[in-house]
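Put together the whole structure using the sequences plus the hints.
Going line by line, the protein sequences match chains Y and L.
Residue numbering for the first sequence follows the working numbering, starting at 1110 and increasing by one per position.
Residue numbering for the second sequence follows the working numbering, starting at -15 and increasing by one per position.
Simulated from the structure, these hints should not be mistaken for laboratory data.
For clarity, every value in this text was computed on a predicted model and none was experimentally measured.
Don't take every hint at face value.
As the list claims (entries may be wrong) - Negatives, chain Y to chain L, calculated, CB over 10 Å: (1) Arg1150; (2) Met1164; (3) Gly1218; (4) Met1237; (5) Pro1330; (6) Ala1337; (7) Ser1360.
Stated by the list, open to error - Partial pick of chain L residues on the chain Y-facing surface, computed with a CB cut under 7 Å: (8) Glu66; (9) Asn129; (10) Ser132; (11) Tyr139; (12) His231; (13) Met233; (14) Pro234.
Note that the Cβ used here is the ideal one computed from N, Cα and C, for glycine as well.
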Amino acid sequence: MRKTFAQTLIDLADRDPRVLLLTGDLGFMVLEPFIERHPDRFFNAGVAEQNMLGMAAGLAQAGFIPFCYSIVTFAALRPYEFIRNGAILQHLPVRVVSVGGGFEYGDAGPTHHGVEDIAIMRAQPGMMTVAPADAAQARTALRATWDMPTPIYYRLGKDDSYALPGLDGAFAVGRANQLRKGRDLLFVTAGAIAREVVAAADALAERGIQVSVLVVPTFNPDPADDLAAALASVPLAISVEAHYINGGVGSLTAEIIAERAIPTRLIRCGVRENHDGLSGSQAYYQRKHGIAAEPLVETAVNALQTAS
Amino acid sequence: MDHTNVTPYAIRRIVLEQSKRAHVGHIGSSLSIADLIAALYGGALRISSPNDPDRDRFILSKGHAALALYAAIYLRGWIDAETLATFHRDGSALGVHPEPTLIGVDFATGSLGMGLSMAVGAALAARLQQSSRRTFVLLSDAELNEGSTWEAVMYAAQHRLSRLIALIDLNGQQALGYTCDVIRIDNVHERFTAFGWDAREVDGHDLPAIQQQIDALDLDGGQPHVLIARTTFGKGVSYMENQIRWHYMPMSDSEYAQALMEIAALHGVTEHA
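As structure tokens, this is what we get:
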């Protein structure tokens, strides 16, 4: 998604001189095409993310649209107060571009895992959050949102080649994408982990279980109506996120169920515990936290058996 | 002075009047910068209209001294007395810390250590837009505790932002103590020079000297500028000067009366109705 994003940003920068790219000294083998094309509109803030987001507020106040690029934790967590008091409270069109949501930087360890960013961005009513599920959706999402007046948080995955079957790059602000329709259970997910969800849905279909899959690519505004409609048509929903269990798409699903009194059981799959000090790959963490395809199938089968 | 009514006395007087009416503190911090604000809004800042895109930018990074800024905005005629008197009232655009909801305020401040970063962005924006406008930012000395301030210091020097002018209100105090007892920041001049800035020192209560220093800056020299203004916390009110408690305390009636008399005496004003 990140290379697709950078390429799309070049197209936008070609058209509009307000587009600027800032980085916290990251983006090797990703940002070079932008830097070559628009050297005067690229700024490496150095390893200084607070200043990067503070500067972005100063630039946006003068009419620019600065995109601030880094890995999730450094883009969202380190400068969080600068994002809040700079872009959000002052209603400035700053873009925070976070790469590596969830465990995409798995082997780099917990300092590089983005497992609470959606929660902290969702907590800010003035911050639109966009979490594309694949590269094509990242492209459409950027094209649909880049010049909106609100600040925007983009949570990007690293993979540029994978295309989620049935998504075809669809994106609309405040809408969810229904990939499959089945009456036994609904998977609700957000971001690149959707790949595991679709694999789980395929495996369940082979067992004769009819599964719906709903991808949530935007928060603030939330696709509340789409979620409610999808939830109302199944007895069981399973939320799946490469994120802590509180504050993300599982929490959103629970809020919709409660507020609209939808009689659907919810199981939230996500990260439930603090890091234990043991390292591994993305796949290792996904299995460990029950959000890889295989444990998701197991969770679904067990839940359906309990219900019947 | 282009705007002769924007005087240190007028600013101090409004600071006292409004903080007394609202029964709030941050009085000492506002009195400390009254002369700096008068130098800026009385002359140095080129702002034909607060809506002119090419106006000089000013960021009050030490946002808790907002009353001194509100006083200047009032004295420049951008808000009327009635609006000024909404300070600290429910639903007012004039809060304890400034927000751009109020005309004349470009940036929300109040969280220390953010102002210089936003100023660096504003200065960078001016360069990109090929505007000769300047960006002024006023910091407290306690903001030099913040790591983010030094991130911005380094970035500004690296990018030769010579139309960026920082002023430091070096009054030697912070909320809970004297800076020498909390985080010692001696040799501010040398620190900024070492980071590649053009650093100058000035008596922060000597209006002509402040104005001369600003006029003398080389805006195309390739270095950002810092004016290190030696100030007295609570300047003009004897019982507040250099007293930590006046960061937070509001005034009693008798303290208020004494304060008005003392600032009149400081500025040689014989009558104050």
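query: Should the hint that L/His231 touches chain Y count as held when the rule is a Cβ pair under 7 Å?
result: The hint is violated - L/His231 has no Cβ within 7 Å of chain Y, the shortest such distance being about 21 Å.
message: Hint validation: L/Glu66 versus chain Y, beta carbon distance must be below 7 Å. Holds or violated?
response: violated, 26 Å
- request: Determine whether the non-interface label on Y/Arg1150 survives the test: each CB of chain L must be over 10 Å from its CB.
  value: violated, 8 Å
query: Taking the closest Cβ pair, is L/Pro234 under 7 Å from chain Y?
result: This interface hint is violated because 26 Å lies over the 7 Å limit.
- prompt: Are L/Tyr139 and chain Y close enough, Cβ to Cβ, to be under 7 Å, as the hint says?
  reply: Cβ of L/Tyr139 sits 6 Å from chain Y, so the hint holds.
field: Proposed interface contact between L/Asn129 and chain Y, which counts if any beta carbon pair is under 7 Å
entry: violated, 14 Å
query: Minimum Cβ distance from L/Ser132 to chain Y below 7 Å?
result: holds, 4 Å
- prompt: Does the no-contact call for Y/Ser1360 survive, Cβ to all of chain L over 10 Å?
  reply: The claim stands: Y/Ser1360 keeps its Cβ more than 10 Å from every Cβ of chain L (closest is about 27 Å).
Assertion that Y/Met1237 lies outside the chain L interface [Cβ separation over 10 Å]: holds, 20 Å
- request: Take a quick look at Y/Gly1218 and tell me if its Cβ sits farther than 10 Å from every Cβ on chain L, holds or violated.
  value: holds, 23 Å
- prompt: Does Y/Ala1337 sit more than 10 Å from chain L, CB to CB?
  reply: Y/Ala1337 is indeed farther than 10 Å from all Cβ atoms of chain L, at 35 Å.
query: Regarding the assertion that Y/Pro1330 does not contact chain L, is the least Cβ-Cβ distance greater than 10 Å?
result: Fine: 24 Å to the nearest Cβ keeps Y/Pro1330 off the interface.
In this structure, the hints that do not hold are numbers 1, 2, 8, 9, 12, 13, 14, in rising order.
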